[in-house]
Amino acid sequence: MSAITSPFPQGSVGWKLPYRGKVGMACLIVAESAIFTIFVVAYLFYAGKSLSGPTPREVLETPIFFTICLLSSSVTIHFASRLLERGKRVGFLSLWFLTIILGVLFMYGTAREWYRLIYEHGLTISSNLFGTTYYSLVGLHAFHVTAGLLMLTIVLLFGLAGRVGSEQSARVEVLSMYWHFVDVVWVVVFTVVYVLGR
Amino acid sequence: MRRDICPTTMAISRVTGCRGKEVQSAMGKDHKTEWGSVASRVVGILVLVAGILLAAGLCNASPGSENQGPNIFDPHSPNAKSLYQLSSFVLVITGLIFVVVFGLLVYVVVKFRDRTRDAWREPAQVYGSTQIELAWTVIPILIVVVLFLTTARVIHGIQDAPKPPQALSVTVIGHQFWWEFRYPELGVVTANELHLPVGKPAYLKLLSADTDHSFWIPQLAGKTDLIPNRVNEMWMEPEQTGTFLGQCAQYCGTQHAKMLLRVAVESPEDFDAWVRTQKETSIPDEKESAGKHVFESTSCVNCHAVGGTNGTGRFGPDLTHLMSRKTIAAGAARNTHENLRLWIESPDAIKPGSLMPAMKLSDADLDALVRYLETLQ
Amino acid sequence: MSSDAIAIGSARETGQSWLETLHEWVTTVDHKRLGILYIVYALFFLAVAGSEAMIMRIQLMYPHNGFVSPQVFNRMFTMHGTTMVFFVGIPFLFGFANYIVPLMIGARDMAFPRLNAFSFWLTAFGGFVLYFSFLGGSGLYGAGSAPDVGWWAYAPLTSRAFSPGHSTDYWTIGLLVSGFGSIGTAINIIATILCMRCPGMKLGRMPLLVWMNLVMSGMVLIAITPLSAAQIMLCVDRYLGGHFFDTQAGGSATLWMHFFWIFGHPEVYILIIPAFAFMSEIVPVFSRKPIFGYPVMVGATVCIGFLSLSVWAHHMFTIGMSSYTNAFFTLTTLAVGIPTGIKIFNWLGTMWGGKIQFKTPMLFCIAFLFQFLIAGLTGIMLGSAAFNWQLSGSYFVVAHFHYTLVGGLVFAIFGAFYFWYPKITGKMLSERVGKLHFWLFFLGFHLTFDLMHIPGLLGMPRRIYTYEPGRGWDMWNLLVSIGAFIQAIATLVFVANLIFSYFKGAKAGNDPWDAWTLEWSVSSPPPAYNFASIPKVSSRRPLWDLKHPEDQDSRYE
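Protein chains in written order, with the numbering used here: chain S, 449 to 646; chain W, 8 to 384; chain F, 84 to 640.
It should be emphasised that the hints constitute simulated quantities derived from the structure, not laboratory data. Please note that a few of the clues may not be correct.
To be verified - Examples of chain W residues toward chain F, derived with CB under 10 Å:
#  : residue
1  : Pro85
2  : Ser89
3  : Val97
4  : Trp143
5  : Ile150
6  : Thr157
7  : Val161
8  : Arg332
9  : Met366
10 : Lys367
On a predicted model such as this, the values are computed, not experimentally measured, just so you know. Glycine included, every Cβ here is placed at the ideal spot set by N, Cα and C.
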């Protein structure tokens with residue numbers, strides 16, 4: 449028979465703990481960073497060690513435009529989030545939509561590059577060490593971008609149905625944390641693959 | 008602080024900062040029950056028995072002149088000896104730590120057990136003591152520093168030892184599930200049984216043809232792994248003649264357990280004689296030409312090499328001097344007529360899962376082949 | 084009206100069919116039920132992996148024994164190790180954490196109840212995938228069945244060339260899936276602890292069990308993920324023709340080793356830190372004193388968490404790294420022993436001056452102290468790289484890690500069972516049967532694992548399905564196997580106690596042990612909502628303050 453009255457003193461004035469959504473997403477980001485770190489380590493370890501096949505210098509073209517797209521999407525999602533906090537739904541939806549477009553552009557750029565690498569240069573995941581590590585690392589990132597785009601689209605659809613307002617801004621903020629993480633990872637991948645790796 | 012608390016408790020209170028509360032002195036009153044002495048005697052006996060067992064087990068461990076089997080405490084090479092000395096030092100230190108901490112544990116369990124059964128009296132609620140905690144942090148740090156420095160010295164001494172010019176070079180190639188030994192300067196190729204001259208350093212280059220293996224002869228050296236696409240090196244300098252046993256120490260597949268090692272350490276004269284016989288190509292015995300024909304016309308030659316025949320296969324051991332070896336199948340069976348015949352007919356009977364296929368020869372062919380192989384001295 | 088936390092009672096009372104009860108349990112998001120699901124799952128796999136161990140020990144009783152073929156034996160040691168680490172150890176610890184942590188911090192549930200359920204089912208599915216290999220692993224030429232590559236799955240043994248068929252894939256994918264489950268639970272535990280504590284429970288007032296699960300979960304986030312990454316790479320190699328670990332294409336076998344052990348070493352600390360947590364809750368209660376040196380215990384745990392990330396290559400001392408690398412990892416390995424040793428002293432300090440009650444949970448804790456001390460010392464021996472060159476890959480290592488995992492972790496888990504079973508079920512476990520379980524298991528454990536060190540010192544490598552007679556190993560192996568039988572019997576006694584006491588055990592009441600943390604303030608079992616109203620605490624031992632109003636902890640903290 450549990451007591452109806454608690455033996456403990458009550459009261460929670462001034463007791464403020466962090467928002468669990470943010471903490472959870474921060475933990476997820478830590479875990480994902482560890483996964484990406486391992487793939488980056490493998491890439492760097494095998495840099496220059498391929499026994500045959502195309503090398504980075506021969507085949508890679510620096511994707512400046514699509515990188516700018518992705519990094520700008522961080523800016524747009526940041527402002528979209530801000531607008532939602534203030535309840536500006538239309539502004540939020542526009543910038544949110546723009547974020548998605550920029551992300552899709554980035555994915556298109558990756559697809560185009562892969563098409564070129566495979567069909568013009570014969571670089572596949574099984575060609576050599578460079579192929580294996582390149583497609584794995586860039587592919588893992590692209591997978592995370594895709595997952596992010598899916599979630600962003602779901603929010604967009606809810607938003608178009610009028611169900612996303614300033615009460616949901618904390619949750620939307622959590623999602624934008626993930627999107628920023630994806631962008632930071634791209635900065636690292638870009639540096640490792642297109643700058644250092646060559 | 009109450010004044011009627013005994014001085015020892017007061018002293019402890021001062022040091023540990025325990026609070027002024029009714030302190031049940033656990034320091035020496037009302038302990039007339041027999042349980043304490045009984046319990047401590049039982050524990051003492053258990054420890055004694057355990058110690059005796061361990062000592063008996065390590066009784067093999069006195070380094071002596073006779074060969075005691077693959078015992079890490081029976082070194083017969085300077086690097087193995089240096090490992091032995093380091094391990095003795097580490098054992099002494101850890102043994103001391105054990106005695107101190109275990110002694111404390113026994114003391115605490117006996118001394119502070121609940122004897123009074125009056126549940127309403129709680130002991131002094133001590134939260135901690137900075138001085139004590141500092142002490143038991145600093146002392147372990149010192150122990151760690153000492154152990155690290157002694158170990159680092161031994162590591163450096165063994166791994167960074169310069170290769171002496173007169174050292175014997177051996178290339179060891181690990182296969183699933185046998186050992187290939189090549190003496191590049193002497194032009195000798197053999198398998199599974201390594202011959203070394205006593206008193207001379209041997210430098211081993213370790214390679215692998217397939218998966219990871221590990222070369223471990225406890226009495227002669229610590230183990231070093233054979234890893235594909237990587238060259239490892241180790242050395243040993245046997246100080247006594249005899250046969251030293253070991254086996255593969257890194258799981259490499261189904262028959263990892265029977266990838267055995269024998270090192271035959273011989274006097275310089277015996278070693279030179281062995282080298283001479285290994286370098287000779289066997290003169291084909293006309294009586295066994297039928298067997299030789301079986302060897303050369305079946306798929307044996309895909310895997311095995313025999314000098315003076317068309318067999319140049321490298322997947323399996325070189326059989327040119329098969330009969331100079333005491334065992335076959337990497338030590339899985341003694342090198343006898345019956346075993347040799349059985350091995351070719353049905354390898355799974357000796358080493359199930361090894362990569363030697365059953366050759367499916369007729370009885371006549373098999374007998375002829377075995378007789379031929381027995382001429383390969 | 085008792086809680087609905089235990090199915091059978093509630094079914095009788097509410098007239099539910101067994102199908103409805105099953106549905107409740109399968110769809111539950113309640114942390115207490117999920118905790119029980121994890122624990123029952125782990126108990127089941129304890130029996131399975133224990134049987135795998137028994138098969139191995141029977142085979143090794145005599146040299147050249149023919150009890151099982153080498154292929155079966157190799158599957159046994161692979162499955163035994165993999166199961167014990169991933170489907171016994173982790174589920175037990177997550178199960179207890181799930182049940183106890185919210186209660187200890189005065190919360191009603193975990194931060195993300197649905198993620199909690201999803202993580203459990205992911206873990207469970209991973210185990211199912213691994214064991215399905217016995218049925219479905221056969222690939223080319225009948226090769227396969229359960230994986231036989233060892234629980235570390237070293238490359239290139241795991242490549243398609245040396246492991247045809249699908250057995251390795253079941254290992255990879257089963258663990259990948261359950262790894263994601265573990266990450267989910269770790270996220271949940273961290274978010275719960277940081278965001279759901281009751282008013283007044285500052286971080287410095289949390290029970291040590293909560294602190295240690297926080298550290299452990301943080302480690303899970305950064306230690307399990309390298310293994311997941313490496314497993315994805317292995318899948319790329321095996322299915323997409325990649326060359327991550329393909330030595331023929333210039334790939335590196337040692338790269339797998341580094342990735343695996345960057346996971347593998349923190350993993351064993353992930354397993355043992357919750358055991359430390361159980362010790363830190365049980366030892367004070369049965370010594371009738373607070374934990375000695377709470378701040379240092381927290382600090383030492385955090386230290387262990389960080390240091391454990393720097394020691395991994397002590398599993399690789401024999402692969403031919405440079406002398407500087409070997410010396411570095413010797414230093415870090417010995418260093419991580421310092422905060423660990425400090426904890427042993429703190430527990431001794433807790434018992435010193437106390438009134439020790441030898442109830443069953445405390446017996447297991449005292450044995451833990453004895454055994455973890457020895458395990459730590461053999462760890463020091465193994466941590467010295469040069470000594471390691473003789474000891475690694477031998478039965479000495481097997482004895483060492485079973486000493487930490489069985490002598491440490493399993494003993495602590497048994498202690499935790501006896502301590503919290505009354506809270507979870509409302510019934511006390513039998514003390515007499517508990518003591519029988521303890522002494523039998525203690526005897527069997529020491530017979531097996533004390534003696535197991537000796538064949539290692541005499542040159543017996545590990546992972547061998549048979550051995551040569553006349554090397555001095557025969558008698559020791561026989562005795563070791565006998566000890567295994569004794570441990571098996573003791574475990575059966577334990578399971579019998581669990582079942583029997585559930586039906587016939589004495590009623591426990593809220594607080595059978597006169598303990599001090601918040602879970603003992605609610606009924607046994609707790610109601611679904613845990614607390615009628617969220618408590619407010621002002622010290623580390625809120626129940627001590629209530630029971631001793633003249634001498635509250637809050638005055639001294």
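Problem set entry | Violations among the numbered hints, reported as their numbers in ascending order | 1, 8, 9 and 10
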